[in-house]
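Peer 1: Let chain A serve as the given structure and place chain B on it in line with the hints.
In the order they appear, the protein sequences are chains A and B.
Last residue of the first sequence: 159 (numbering that gives the first Met the number 0), numbering continuous.
Last residue of the second sequence: 159 (numbering that gives the first Met the number 0), numbering continuous.
Read the hints as simulated data drawn from the structure, not as lab findings.
Careful: at least some of the hints might be erroneous.
[As the list claims (entries may be wrong)] In silico EDC-like pairs for lysine to aspartate or glutamate, Cα to Cα no more than 20 Å straight-line:
(1) A:Lys118 / A:Asp100
(2) A:Lys118 / A:Glu134
(3) A:Lys118 / A:Glu37
(4) A:Lys124 / B:Asp100
(5) B:Lys124 / B:Asp36
(6) B:Lys103 / B:Asp128
(7) B:Lys103 / A:Glu134
(8) B:Lys103 / A:Glu37
(9) B:Lys118 / B:Glu150
(10) A:Lys124 / A:Glu37
(11) A:Lys103 / B:Asp100
(12) A:Lys103 / A:Glu142
(13) B:Lys124 / A:Asp100
(14) A:Lys103 / A:Glu80
(15) A:Lys103 / B:Asp36
There are 2 protein chains.
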Amino acid sequence: MSRVAIQDQYPDEFSHCYGCGRLNRHGLHIRSYWEGDEAVATFAPTAYQIAVPGFVYGGLIASLLDCHGIAAAAAAQLQAEGRTIGDGPVPRFVTAALRIDYLKPTPLGPDLEIRGRPKALQGRKVIVDVSLAAEGVLCARGELIAAQMPESMNLGHGRP
Amino acid sequence: MSRVAIQDQYPDEFSHCYGCGRLNRHGLHIRSYWEGDEAVATFAPTAYQIAVPGFVYGGLIASLLDCHGIAAAAAAQLQAEGRTIGDGPVPRFVTAALRIDYLKPTPLGPDLEIRGRPKALQGRKVIVDVSLAAEGVLCARGELIAAQMPESMNLGHGRP
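The shape of chain A in the complex, shown without the other chains (with noise of 0.2 Å):
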């Protein structure tokens, strides 16, 4: 398991990211490892971030599976090349579609177990399988569809 986060390998111009970017001061910070085949994530949800008193927020589940997706898109497509995590940037995906089942209440207290599996590379785009499991209980599973970023979102200026 490399233990160096996907999410830190991003250009600079490309971490600003509310959900995972390091330069992001106020950003969510979600951190995904690459383990061969998939990636992982654990992230602890604050007291607030709830849907109703007790249980995680969906739009916070949803901001974990796509962010944690990206990074596996991002992961898969450097193995493709015969690359690895930490021996240079990081290709920047972008979310093309998500798909997600909320299988159950995600209960507010346990660290959050987030894995995403790409399986399929289809030119510059990358399906993952992603899922999310409170004390090993699967929460919510869904697909998300990563393509490669177009250059008209490099606007190369801003800084949160």
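Peer 2: Using the frame of chain A, we list chain B on its own:
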């Protein structure tokens, strides 16, 4: 168009949602209004809610579509019961599934225009078409399956 926000009619114990709860001091405070056959909302992202500089964070878009779609489902259920927003507590739905297609990068700057149109009431579920636009340009669209909140989520305590 009702001038009472749907979310402001949720019972107190279900008004702590990070996305739309009036009692969550840290939350996004999404506010949705019913227009007879669809719910509408606007939202102004802050400078740090971005994916890359200049473009809105996809996890925020998911959060907006989620809370807004849930509000639309609740309003449709009320209307089916012959009630109107403002005449008493609104039933609390939760998200069973959320599918989003991100059609274009969403620019940071203009207010976001969010719509939710319920298209089917099926027992305890409501299916809602959701969309998000900026300056009239459709940036994301999707579908939400809302389910009436199971009794197991009513812990009857907690305040973020």
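Peer 1: What hint numbers does the structure not satisfy?
Peer 2: 2, 7, 8, 9, 11, 14, 15
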